[in-house]
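The whole structure should be built from the sequences, with the hints applied where relevant.
There are 2 protein chains.
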Amino acid sequence: MTAAPTPQLDPATVDLLGVLAYGELTAFERLATDARFAPTIADKHALASMAAAEFEHYRCLSEHLRSSGVDPEEAMRPFVAPLDGFHDLTPPNDWLESIIKAYVGDGLATDFYREVAAFLPEGRTRELVLDTLADTGQASFAVAKVHEATARDPAVAGRLALWARRLVGEALIQAQRVAVERDALTGLLVGGSGDLAGVARLLSRLTDNHTARMKALGLQPS
Amino acid sequence: MTAAPTPQLDPATVDLLGVLAYGELTAFERLATDARFAPTIADKHALASMAAAEFEHYRCLSEHLRSSGVDPEEAMRPFVAPLDGFHDLTPPNDWLESIIKAYVGDGLATDFYREVAAFLPEGRTRELVLDTLADTGQASFAVAKVHEATARDPAVAGRLALWARRLVGEALIQAQRVAVERDALTGLLVGGSGDLAGVARLLSRLTDNHTARMKALGLQPS
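Protein chains in written order, with this note's numbering: chain A, 5 to 226; chain B, 5 to 226.
Note that these hints are calculated values from the structure, not bench results.
Treat the hints with caution; some may be incorrect.
No copy is singled out in the list; a pair is fine if it fits within one copy or between any two copies.
List of simulated lysine to any residue pairs, SDA-like, C-alpha gap at most 25 Å [as the list claims (entries may be wrong)]:
#1 219 to 207
#2 219 to 128
#3 149 to 77
#4 149 to 121
#5 219 to 196
#6 149 to 200
#7 149 to 216
#8 149 to 132
#9 149 to 126
#10 219 to 192
#11 149 to 81
#12 149 to 84
#13 149 to 188
#14 219 to 191
#15 149 to 199
#16 149 to 63
#17 219 to 98
#18 149 to 197
#19 149 to 208
#20 219 to 78
Take a look at the structure:
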């Protein structure tokens with residue numbers, strides 16, 4: 005059987021798919037790990053289902069790289085240190101912190117995917133990035149659980165708000181690291197945004213959406 | 005839409021599906037957790053893929069219970085303590101121990117599924133149990149990795165053989181606990197095997213298969 009000819013991917017797109025794929029793979033591992041500490045079987049089921057959805061995203065991204073003639077491992081390798089670094093520096097201390105991490109992380113990732121998809125030419129890669137936007141169910145689950153917890157003990161809200169802020173801070177530090185090291189990917193974002201002012205506006209949109217998510221949780225955004 | 009009438013499940017079958025479902029769910033969590041410590045992205049990919057396959061098994065079993073009018077949480081609850089107990093008492097100390105645990109655990113589970121399927125009446129439940137027999141890829145991956153490791157350092161073989169023996173010992177202790185507490189399930193196994201001598205022969209077949217797996221790994225079975 006001869007494979008259909010596949011379009012070549014440019015280095016920036018390979019980087020983009022690599023960082024998304026490794027992001028999904030690590031999200032899968034961390035969610036599945038956190039599921040072990042779920043207080044009830046229903047909570048465990050919810051977190052494990054989200055983890056399985058992240059794995060499916062990873063599998064699709066990885067398969068797309070492979071079918072385009074790119075070794076997924078090679079594409080992911082530059083992003084192992086920043087993504088592992090993010091997770092190693094932000095181990096949740098309890099079940100609620102796990103939920104916030106899933107919600108904040110998934111929210112930022114989804115917003116980022118949506119922004120980036122607009123920069124890609126129409127075609128399979130763009131479709132795939134848009135597919136991974138599909139809600140994995142974190143949002144409504146997290147909102148319900150956090151509201152339950154803060155209704156029981158209002159003092160929890162301050163701690164969780166600080167935790168969410170720390171997560172965003174650590175994510176920005178690692179994103180900065182990636183931006184410095186990966187010229188092609190940075191070029192894609194700058195080119196897609198128009199210029200550096202465009203990148204600043206993109207970051208501002210991401211921050212606004214994060215603030216809206218914090219409000220949905222009933223937490224102070226800063 | 006009115007659902008098609010679903011056959012009622014007897015208590016022994018509910019127990020069986022409950023223990024299988026929670027077994028798959030915990031296998032998923034532990035494999036996914038162990039994937040974090042994989043030395044290469046390829047190893048991580050392999051373990052995460054196995055974990056995702058276990059989750060899919062869990063999802064099918066859980067869905068079958070629900071569509072038969074049984075709350076999956078209720079069905080799994082009696083098996084939380086023995087299965088969590090098994091995993092809490094057998095945390096792998098390194099990557100190779102994780103692989104052995106996946107291989108030994110999956111092998112025992114698969115053998116057990118095959119034996120039990122023979123006791124079930126023909127129908128959806130039996131098909132489902134047979135479906136979960138599908139190889140999740142542990143076997144060839146584990147055999148390759150363990151052979152690589154023992155070729156590099158033959159001294160590793162003794163430690164891994166002891167580890168495998170401990171896993172089987174702990175699994176038997178928990179199985180014994182389940183047998184004492186769950187009369188209906190035990191009845192299904194004894195009835196299906198014919199009598200207690202039949203159960204002894206079943207255990208002996210499970211042990212023989214375990215020994216064969218240890219040999220495939222190049223490890224002393226005892």
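Which hint numbers doesn't this structure obey? Failing hints, ascending: 2, 4, 5, 6, 8, 9, 10, 13, 14, 15, 18, 19, 20.
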